[in-house]
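In order, the protein sequence lines correspond to chains A and B.
Using this note's numbering, the letters of the first sequence correspond one by one to residues 455 to 1027.
Using this note's numbering, the letters of the second sequence correspond one by one to residues 455 to 1027.
Hint data in this document are derived by calculation from the structure and do not stem from the laboratory.
One copy or two, either will do: identical chains are not told apart, so a pair holds if it fits within one copy or between any two.
Straight line, CA to CA, 27 Å or less: simulated DSSO-like cross-link-like pairs of lysine-lysine:
1) Lys574 / Lys478
2) Lys885 / Lys466
3) Lys885 / Lys934
4) Lys574 / Lys466
5) Lys970 / Lys574
6) Lys1019 / Lys941
7) Lys1003 / Lys986
8) Lys986 / Lys970
There are 2 protein chains.
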Amino acid sequence: MLQSRYFVPTLKEAPADAEVISHKLLIRAGMIRRLTSGVYSYLPLALRALSKISNITREEMNRAGAIELLMPTVQPADLWQESGRWDYYGKELLRIKDRHDRDSCLGPTHEEVITDIVRKELRSYRNFPINLYQIQTKFRDEIRPRFGLMRGREFIMKDAYSFDRDDAGADASYKTMYEAYRRIFIRLGLKFRPVEADTGSIGGNFSHEFMVLAATGEDTIAACTACDYAANVERARVRYDGTRDTTPPPPYTAVATPGACTIEEVAAFLKIAPEAIIKTILLDVDGEPVAALVRGDREVNELKVKTFLGANQVFLASPEQVTAWSGAPVGFAGPVGLKGVRILADAELQAREGWVAGANAADTHFINVSLSRDAAISAYADIRAICEGDVCAVCGGAMEFPRGIEVGHVFKLGTKYSKAMHATYLDENGKEQFVIMGCYGLGVSRVLAACIEQNHDEHGIIFPPAIAPFHLALLNLDPKDPDISAKALEIHDLLEQQGLEVLLDDRDERAGVKFKDADLVGLPMQLIMGGKSLARGVIEAKDRRTGEKTDLPVDTFLQAFSAWKDRVYKGWE
Amino acid sequence: MLQSRYFVPTLKEAPADAEVISHKLLIRAGMIRRLTSGVYSYLPLALRALSKISNITREEMNRAGAIELLMPTVQPADLWQESGRWDYYGKELLRIKDRHDRDSCLGPTHEEVITDIVRKELRSYRNFPINLYQIQTKFRDEIRPRFGLMRGREFIMKDAYSFDRDDAGADASYKTMYEAYRRIFIRLGLKFRPVEADTGSIGGNFSHEFMVLAATGEDTIAACTACDYAANVERARVRYDGTRDTTPPPPYTAVATPGACTIEEVAAFLKIAPEAIIKTILLDVDGEPVAALVRGDREVNELKVKTFLGANQVFLASPEQVTAWSGAPVGFAGPVGLKGVRILADAELQAREGWVAGANAADTHFINVSLSRDAAISAYADIRAICEGDVCAVCGGAMEFPRGIEVGHVFKLGTKYSKAMHATYLDENGKEQFVIMGCYGLGVSRVLAACIEQNHDEHGIIFPPAIAPFHLALLNLDPKDPDISAKALEIHDLLEQQGLEVLLDDRDERAGVKFKDADLVGLPMQLIMGGKSLARGVIEAKDRRTGEKTDLPVDTFLQAFSAWKDRVYKGWE
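Let's have the full structure, built from the sequences with the hints guiding it.
In structure tokens:
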């Protein structure tokens, strides 16, 4: 492709509204342009990158046995009313009235439509399992769209839906998709982690998020450095090593702790470590009082409490509730003598005895508390937030806490939609059964942004070879010299014959502009030729990622190029 | 692909709302399903066919130098207000209010968006010409969507937009697109005609429609059987051979024609041929009276009158207007003595003299009328409708009037949008100039429907090889026999290794079901194998188009298949 006849409107400056690096670079590299809030045109380079992401996704979905179709953008309200989501999806669902005043919406996702197709077309157990997917433009009317392609309103997504006869089948479909996603992100050349994610309160279901690792990511991941275990930090499991000290302490006694409400204040006042104190957090769990106990230097993870108790809603108790339930002002609640409150203790609290804890009276704490002797603990469980220093819950290895960007989500849905929309099949005995569903999203346009968040430097984008819009940039520094231009075109054609996609910068611009633009657009390989290098009998090659430069002899060009290309690609492995 | 693991829900009956054959067959062949009025899901076979149409289109657009990008579905109102179309596009433009109450719409076409991109990014004469295109899902809120994919609300379209410095450049861009469209439809294997189409009243602009020929088409085409000339019958040029008879007739005289208002009645009453009578049609042209004269056996083409006069609106005069302008009741107007009315005569009326015409008085006609002597003709022009027997206006060849389906439209827009939206560039002298635009649409999903209207029989679809979802159907008639199933899989794999896409019907169904489904889905080649044919040492091959069957020896299968395939494909040329 000749750049002079292509459309790559690069910019020196990013617009003021571009906050994150991928947004800035996508605009500056002439890849996207904003049409309206959260809605972007994909200019030619971006479209090529998106096609590559889509094609790899498609190949791996097909290889996993999924079948591609294409559902509509506009969806009728009635299906959403049937699933119940018309009422509770909220304002992200962009609702439309057509010329006949019928309610419709722009599809933000397609569970309803695919379930409707499957329930009508597939009635026999012999039709299952089946996994149907599409790659399609979707719309979510985000209240505050931002970060360019990272959180847009209109975006491209691959969404797949699996339908199985039973739970075991659904679990197998889930695993197949999980593996397909791994292959997709490996092939895309991205550093990523699949992490355990929250599924809400539906039992038997589970989900993983696929996170592209990037320092600028919105999410924090708790990831083992030794094994595959990783989870969203919000739900990462904490390992309790089982240590127990059952030596009974002396009987507990009250001590005055005037004005010491926080762990830090109590520790300072009593001259003890925070680890010796029990932190008691009172929670409103679906309207019932619950006390959650963790070590003084830990934090309660309310999501874990909610999941453990199978609750719908968990709130921190109000000061009024604290007083009503503990009989004391905020800061003095404790497990000893706490009546009418279910007490959950973090597993780690079994490791020792002789704790300091609130005495459920103003300005008073107990010392020498034994949880097993002095308190009515309902259960010990993993209810604390993971933190620096914790080891992997699976293998005991060291944990790290990288940041990431969610680009994929695999989800075992169970019967949520099949029950609401009565999607059933007839089993071997002619008996009606609900299909078991899974859904699997992959943000195609978000992958492009995440790829840039992970791969860039101060000069611009550094595209992994699999996503790069072209394989290489060929810079002709002397476009006005007909001999050199002919040679550049010859090299361009030669490489294209090898199946490489070449963007030949033949523009009538200064060398400096070409260097800057090539680094900005970030194709992984650059070839630089001009009168000077040709006089030396070489074409200069630059690895965009490392910046390393190599001279490729013109005489043995193809051979030298091929060896150099292998080195560049190897660096990406 | 194994059909047992694929998704092809064929039906015996078409739904009641399916009126046209492509709609019926697309539903019955398990290719589309209706989601809501005019909105369809593309099931896997349809998506494959659409991808083939898109890919051929893309290849030819790229070859013609056009550059692909992808613009958004949702468009802000402000651009449409700027172009003026927000007010006059009508209800086909589906308008949306988002959560912040901003006006938007679902894009039915993208002139505004692309013009906005080009005016912002391309400012120098050196940036032009450029042609940008996309393949995208569009929405038009048709008042009465029908005929399946033929006139849906949501549809897939390729739309291209060219931008040139001057008229000559725009004409060249137009010609390039015209040729690209020809190549696309030839490669798709469709019988088609490019026809001259109406451009409205903008001077200097022109357009062609690309029509797929089909007996069930909505449009009638006037097409030369000898040369390339073809036009929508509404605007087909009529050839006047230049014959003139200038022998002056005797002076005209009035004859009583009581109650004879129509050409037929006058002809019968006077015992003359309709060809000897002048038909005078009074028209209201932008509020002014115009008389359009044609031979008695011809029809006035109001579109031609409108175009010739450069008018905005042409209506048939009301009976009151007829009386006011001609002084006589309807049926007796004529060119002689008609005052204050501009008179246009069809060119053909120069061929003779001595006409019969209305006398502008009740129940009276003139005979021996000479237009050159007795009437004030403002101009002679081609203002009549083409009809059977007319010869080609270009070459004099015989005309035919096939029916067709519009699948593409190339249009020289001129400066309509660039003036409204101030899309300019700086020329060599630094002077601001408006860009000259063209737009080029191709209905990707409509091509699929049109292809079926053109290629089907009573058993189902007959896909041209280039559009067929798979190259061939391989029918295993004995799927329960493990040896035969192994052989079928072997043939499947062998053909796929040759780069062929094979749909292997391995379902546990009766042979009759498989034959019917294969004919219904209409892949161009069928291979049929079972115990019986293998016992004879052959695999049966059936050309779906001709129905012709051939035995391919198993021993020399690949060679025999290859020769047979060449014959099948040759039949499509």
